Structures are given as C-alpha cells and as structure tokens.
Amino acid sequence: MAELDASQPLPERGIAVRDLTLAYGDTVVQQELSFHVQPASIFVIMGVSGCGKSTLLRHMIDLEQAEQGDIVFDGHRLWTEDGVERAALQRRIGVLFQSTALWSSMSVGENVGLPLQLHTRLSAAEIRDQVAFKLALVGLAGQESRMPSELSGGMQKRAGLARAIALDPDYLFLDEPSAGLDPITSQRLDSLIMNLRDALQLSVIAVTHELPSIFTIADDSIYLDNESRRAIAHGDPRTLAEHAEQARVRAFLNRQPIAADDGPS
Amino acid sequence: MRPNKTIAHNPKPATCQNREIRSFRYRAFVPQTASPTSNLYRIEARPDGVALVLAGDWGAATHLPTTPRVVDELLGATGADASGQAVVDGRELVSAHPRVAALVYGVNQQLRKRDVALRYEGLPESVQALVTLARPAAATDTTVRRAHWLTRLGERGRMRLGSVSNTAELIGNAFAATPKLAVGRAQARWVDFMALIRETGASSLPVVTIVNLLIGAVLGFVGAVQLATFGAGLYLADLVGIAVAREMAAIMTAFIMAGRIGATFAAHLATMEANEEIDALRMIGVSPFEFLVLPRLTALTLMMPLLFLYAAALGIGGGMIVAELVLNTSPASFLGRLQDAVAVRHFVIGFIKAVCFGVLIALASCYLGMRAGRNAAEVGRAATRTVVVSIIGIIVIDAIFALCTNALGV
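Residue numbers (the numbering used here), protein chains in the order written: chain A, 11 to 275; chain B, 6 to 415.
Since the hints were made in silico from the structure, they are not lab data. Note that the coordinates shown come from a computational prediction; the quantities given were computed from them, not determined experimentally. Backbone N, C-alpha and C fix where the C-beta goes; we use that ideal spot for every residue, glycine too. Among the hints, erroneous ones may be present.
[To be verified] Label pairs and their in silico Cβ distance ranges: (1) B:Leu-340 with A:Ser-159: 56 to 64 Å; (2) A:Asp-36 with B:Ser-168: 33 to 41 Å; (3) A:Pro-193 with B:Ala-173: 45 to 53 Å; (4) A:Gly-152 with B:Gly-378: 34 to 42 Å; (5) B:Gly-177 with A:Val-38: 50 to 58 Å; (6) A:Gly-152 with B:His-153: 22 to 30 Å; (7) A:Glu-22 with B:Arg-151: 52 to 60 Å; (8) A:Met-116 with B:Leu-155: 28 to 36 Å; (9) B:Arg-157 with A:Ala-135: 42 to 50 Å; (10) A:Pro-222 with B:Gly-378: 49 to 57 Å; (11) A:Leu-221 with B:Leu-155: 24 to 32 Å.
In isolation and in its complexed conformation, chain A is listed as follows:
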C-alpha cells in the first residue's frame, strides 16, 4: 500500500503527497489525497477521464498550487521552500506532457539542449554530447537536426522524453505517455520508461488510463474516483484488478461496464 498517514512523519526519500485537496474555485476536483511514491519506482495515477489525474500531476510539478495539503520531495516541501530552493527542486523534475509540447520552431536537438543551455554552464560542445546521448537513450540517435513536425507521434513522444531527462532529473512525470500510439510503439515506450527507471534510478509518476501500460509499468498505483472525488484504491494494479474492494476499480482495471448504481465499494 502506498497510502500515507497524515499523522506519520514525512519519509526522507521519494515523493510524499499529504492531505492534498485540488480545487478550481468552488469546484473540488480531488480531496484528501495522501500517498507515497517510492524512489526508483513507477507510480501510476489512474482513473476515468475527467477524474483529475492531469490536475493532480500539474500540482505535483508545481504548475498549480493546491489550496490545502503538501507535496514533499525527498523531505523538501514543494510549496513552502524559498524561491531559490523551489527552483532547484523544479530542476530535479522532468516532465513529458500529453501533447509532448515540443517547441515547434526548434529542432529536436535544440529542444533537448535548451534546458541544459538555460540551467547549466556547459559549453555548446558539451551540450551536444549530452543531447546526442539523451537522444540515443530514447532511440533517436542522429535525429538532432530534424524538426518536431517531421517526426511520427511515437518519435515525438521519445523526443519529449529525451527533453524531460535532459537535466538528469530525479523525478520523471509522464502525462498520458502512450496516448495516441499504436500498441507496438506504446509497448516500446513502456519498455523505455522501465529501462530509464532502472538505469537512471528515477522516480516515475505516470498519469494514464491505458490498461496495458498500467499493467506493464506500474510498481504501485492510485485510483482517483470521479464521483466521490477521492482516491479510493491504492496498490499494485495487478492485485487491484483481482482483489480491489471497490467494484468501480475492478471494473476499470478489467475493462468492464459498471452499473449506474454501483458505489465505490
């Protein structure tokens, strides 16, 4: 179980989310979220469309701030640190956006090199080395000069992943990494994510509702319910698919229809 008791002391390693409530104005998206992401593991945030998965991710990467609760990275609070420490923490976070968000006016090499250019003192030649390696890691060796528009969907995802790991982050956030990809490309991307976790010892947090990906990559998971607006299940998704107490979670993980009056448990 990844659930974190709010009364317990914060874990020194990994990501701890404690008593988090996400809201837009008066509309509560999710409430009382508490869980812990182990270091060097893949944690999947799952749930049906509109349940607030991407909203939770946006809060965890500091694009938005929650009204209540804390997110703690290796013992450092995300929202209570001073500006310098907060910026330093952000540099330890890599993000692959759902649409990849590659800068269309820049080549693939420039996309991957820009974070290094902005956040390190490496020279152009040094950055070239790093970029070539990161692209080789994601299977895009030698594609530096191509423009994002010249890449296929799967290649764009991998280029986005190369950009996300450009600064050698400790935490990698993936928003719907397999969305829109064919099964083979999706499977390759899943393998790549697992390989990167192992090789770079990354804590990976993936938002997805693609069942094959969930069962392949997840070490741990949380299910966000869009009716109760709470996390109603935590744990290994393979176990949850069989033994989750909540019918809704079992239905989701077994791709079964759910009756309208089925409650969360």
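With chain A's structure known, arrange chain B on it following the hints.
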C-alpha cells in the same frame, strides 16, 4: 591493473578527430594550463592499451570533457587505434552520474568506427546500463541528397505557379459563392457572420477613430503652416478634404484592418488548420470556403467602406479643429469651403478603394491562414505574412487607382 604512466590531457580544444597522431614524448612536454575538466579525466598508457581514467564528481562539475576532445587525445596520445583496444576506468569516480555515461557512449561510438575495442574497468553498473541502453543511429543513409539547381529552380517555379493558381481559385470561389450568401444558401452560420461584423466593424471603431482624427489633424497642421506663409490658409479645407477623402482615410483604415483583423483571421484559420478543424469540416461535407472564408470576406468587404466614411469624417474633423486653432477659421467657413472644393467623386474613389482593400485583406488573410503548416510557428508566420502582403497590396492597388483616375481625368 596499476597505471604505469600518466599523461595530462591537452587543454586545447580538439579541432579535428582525425588529426595526425602525435607522439607521447611530444605531448608530455606540451606546456599545460589549468582546464576546468582536468580533474574529471586523464589518459594513461598501460601495457594492455591506452586507458581513459574517469574521476571526481561529474554531477557537480560546471564543465565536462567533450567526446571529440577525449577521443582525439586517446587516439593521439599512444595510438589506441594502433593497439586496437582501450580501457575506460571508472574506479576514481565519486558518483555514477548519467553525464559519465554520455561521455562513455560518445567515446565508444567514435572508437568503434576506428575498430578500437573499449573495455570497462570499475565503471559503475548504472553507468554501464545507461551506455547499453543508448542505441546508436541506424547505419542506413537517411541524408537527403540535394537536387540539381535546375531541378530546384523548376520546383520553385512550379510552386509559384501553384500558388498563383490557388489564388485564382480562391477569387473564383469568392465570385461563385457570394450570390449563395446573398440568398442565404451558403454553408455559413448567421451567428458567426454577425460576430465577424461586430469584430471587423464596431470593435475597430476606437483605433480607427484615434488614427484618423490624428492623421487629419497632422495634415491640417502641416498644411496650415505652409498655406499661411502664402496667405492661402482658406484653402486648408481643400487640402485636408481631398487628401483624406481620396487617399488617407481609406489607406489608414486599411492598414489598421490589415494589422488588426487580417492577422487575426490568418492566425485563427492557421490554428484551425493545425488542429485539423478544417479537415473535420471537409469530412462532414462542409465547404471550408463557404463556412470560413465567405463570412470573413463579406464582413470585411461590407465594413471597410463604412469604416472609410467614418474615418473620412473624423479626418476632416481633425483638420477642422486645427484650422480653428491655428488659422482661426470657423467650422462653418471650413465646411463651406469644403463643400465647394471637395467633389463627391473624391469620396466615391475612396469608397471604391476601401471595398478593394477589404477584399484584398480578407482573401490574403484567409488564403495564408488556410495554407499555413501544422505547427505553432506557422500560425505566427501566417499572421505576419498576411500583414506584409496586405500592406504591399494596399499600396499597389492605390498606385493602380492613381494611374487609372489620372488617365480618366477624375
């Protein structure tokens, strides 16, 4: 294995990976200067081949050794390519940072091309795993061969002809579809059309007001100073009236509309193209021209002459204010003189020009917007091109009008 010789690396940046192999003796006596990466690696000659010894904390380093430089030194120092093998020794590394893997990967790739085998000694497992994970580029040649210059010239000419034909098609569509809109049979939504009328008309009034009032005032002021010198201040109404009605009101309003509305239309349509919204319209059997271009064309063509009349009135008003302030000419005298001096034909010419400018801006913006590429940069490019093309087109049309009216004596 203990190193038997240590060679300090050359602090000068390598300029070519294939430069001649220099002897160990020569390199050993090259004067050394402090290098920001000198504590991160060194080259050693060992009995079983040359060794690249990696050391220190690569994560904290502000500068890193580059692949070409390290390869150059490995090959140059003791002739690793001659011995056929080299060693990467990672036992002195403080941390197994991914940056180490980037260098090892790069060195490995370069040495493999020269048939030099690379062996790892004491290299952290995580670094080795990363190097293994990195896949080199496929051996297939993906370079695009540059076509012959005649072929490229012909291709460019063909593309130009294609854009001329597309423009002609757009104009033809405009003529063919306008009657449909007039009788309410075009595939366009009334609510969209009214929104466009508001956007091009009422929403443009503030900026049209400011610009034309000031242009009229500036013309009035310049004219007043010059005419007063010859005691001909009375003729200020002639100058301002003819200039504004015939040229300035239409041109200035067109410039405003090109920047404000033309760029908006182009960016909107380019974004729709990028999001495949235009393809979606085609797929449900809706003509993008009728649904998107025709309402914009009609709205701008209808609003431009109305804005011209408004702009002309304001321009003349600006001149009249200056006449009152500088020459003490009363508004009644100014308007009286204006009535005598400025014939209706001047307003008619300005009015017709305004219609032409409206058609030009609408067609240019829609054409460039719908022909934009499918990315964010193309959206901005389409907007910029629209403004540039519209401004050039406005000046060209104005020049044609000047020639024609001169030839006709009007």
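Now the hints, each set against the structure:
The beta-carbon spacing between B:Leu-340 and A:Ser-159, approximately 59 Å, falls within the hinted interval of 56 to 64 Å. Remark: the range hint 33 to 41 Å for A:Asp-36 to B:Ser-168 is contradicted by a beta-carbon distance near 53 Å. Checked against the hint of 45 to 53 Å, the C-beta distance between A:Pro-193 and B:Ala-173 comes to roughly 46 Å, which is consistent with it. As the Cβ distance of A:Gly-152 to B:Gly-378 is approximately 24 Å, the hint placing it in 34 to 42 Å is violated.
For the pair B:Gly-177 and A:Val-38, the beta carbons lie near 56 Å from each other, so the given range of 50 to 58 Å is met. Under the hint 22 to 30 Å, the C-beta atoms of A:Gly-152 and B:His-153, about 26 Å apart, fit the expected range. At about 58 Å, the beta-carbon gap between A:Glu-22 and B:Arg-151 stays in the expected band of 52 to 60 Å. Hint check: A:Met-116 to B:Leu-155, Cβ distance near 33 Å, so the stated range 28 to 36 Å holds.
At about 33 Å, the CB distance of B:Arg-157 to A:Ala-135 disagrees with the hint of 42 to 50 Å. Checked against the hint of 49 to 57 Å, the pair A:Pro-222 and B:Gly-378 fails, with Cβ atoms roughly 34 Å apart. Separation of A:Leu-221 from B:Leu-155 is about 56 Å and departs from the stated range, judged on CB atoms against 24 to 32 Å.
In summary, the structure is inconsistent with hints 2, 4, 9, 10 and 11 from the numbered list given earlier, while agreeing with the others.
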